[in-house]
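One-letter residues, chain by chain:
Protein chains: 2
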Amino acid sequence: MEKSEKLTLPEILACREVARSRLVAVEEVDLKFSNGELRTFEKIKGGGRGAVLVVPMLDDDTLILIREYSAGTHNYQLGFPKGLIDPGEEPNIAANRELQEEVGMAAHELTFLQQVSLAPAFFNAKMDLFLAKNLYPSRLQGDEPEPLEIVHWKLSDYKSLLAQPDFTEARSISALMLAIDLLKGE
Amino acid sequence: MEKSEKLTLPEILACREVARSRLVAVEEVDLKFSNGELRTFEKIKGGGRGAVLVVPMLDDDTLILIREYSAGTHNYQLGFPKGLIDPGEEPNIAANRELQEEVGMAAHELTFLQQVSLAPAFFNAKMDLFLAKNLYPSRLQGDEPEPLEIVHWKLSDYKSLLAQPDFTEARSISALMLAIDLLKGE
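Chains P and A are the protein sequences, given in the same order. Here the numbering used here is used: the first residue of the first sequence is 507, the next is one more, and so on. Here the numbering used here is used: the first residue of the second sequence is 507, the next is one more, and so on.
Just chain P, same shape as in the assembly (with noise of 0.2 Å):
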């Protein structure tokens, strides 16, 4: 169950940009598998800066969440706090720092859980999760355009959460089942 040795990396033939917007670039890769099968794919290019998202604990059987307005949806989501790590920030302080600024409240401590991706076939995006714990009150000023909605959830509840319509986003989903997982064995 190690890393495979069989497989071998398609070659690039070629790479073309073609299609720019401010935030993505989508590439056309040419690609020749190992066995001689040509195929082009599209893959799509942001701006290669990792990400986070916190699982924040008021207490031992508190979640919190956050309801925020989702441009792609066009509708209101309910999941964990998260943003994107500043050029030269620690993926920890980006969390505490995400921590401040949409639920106001700071960690003493956060626990590195998992670091996931997004769609790989398409994109290089990055996010590691955080447990944060031990919190206290403290605010940062984000970018939010209007005050996120704070919502409370009891973890031992975490089934009528899961059955929420809003609450959908696979990286919030899997960093609750993680944090669950994680506490139980603790």
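Possibly wrong hints are sitting among the right ones.
[As the list claims (entries may be wrong)] Have a look at the derived ranges for each label pair, beta carbon to beta carbon:
| id | chain 1 | residue 1 | chain 2 | residue 2 | range |
| --- | --- | --- | --- | --- | --- |
| 1 | A | P643 | P | N640 | 48 to 56 Å |
| 2 | P | P643 | A | D567 | 40 to 48 Å |
| 3 | P | A669 | A | R555 | 21 to 29 Å |
Hint data in this document are derived by calculation from the structure and do not stem from the laboratory. Computed from a predicted model, the values in this text were never measured in an experiment. Don't be surprised by glycine CBs; every beta carbon is placed ideally from N, CA and C.
Position chain A against the provided structure of chain P, taking the given hints into account.
Frame of chain P; chain A shown alone:
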């Protein structure tokens, strides 16, 4: 903890396409939030077809995974079989088709786990996660450029799977943890 009644969706003042490739279009959206704040956000529109991902169980303690080339990261990634839903296809049918194309097995028993989204700030992309049990050999021809590497993993050893550097996709991790949660409740 119900769906919030307090939040008023921002008004879309304008929306324009700023980039387009073969597969995606990037739109810029001018928004006016209910407090008067103005923002311009980018969102990425894909084909709009939903997707499915399947956690296949070979037996009560054996997961089946695949290792597949991912163009976005230009490496091989370990994850669960997945793919787009064909036009008019039911999600569970799509799940069983992908399982046959990518693993060469079909399932007598498919259980819906969760619908997840991918970065709703930028995309409107939904994926239905399934657990597949009672498998039997059945192969359908997919459009993969090369045979996928099939990997078996003990479910009880899921922590070592989470530690693999090529098992990173948030949607695969969500599906794994939700499957474990469902199975331990059975």
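Against the structure, the hints come out as follows:
Against the hinted window of 48 to 56 Å, the Cβ-Cβ separation of P643 of chain A and N640 of chain P comes to about 53 Å, which satisfies the hint. Distance hint for P643 of chain P and D567 of chain A: a CB-CB separation of about 46 Å, consistent with the stated range 40 to 48 Å. Against the hinted window of 21 to 29 Å, the Cβ-Cβ separation of A669 of chain P and R555 of chain A comes to about 25 Å, which satisfies the hint.
This entry satisfies every hint, going by the numbered hints stated previously.
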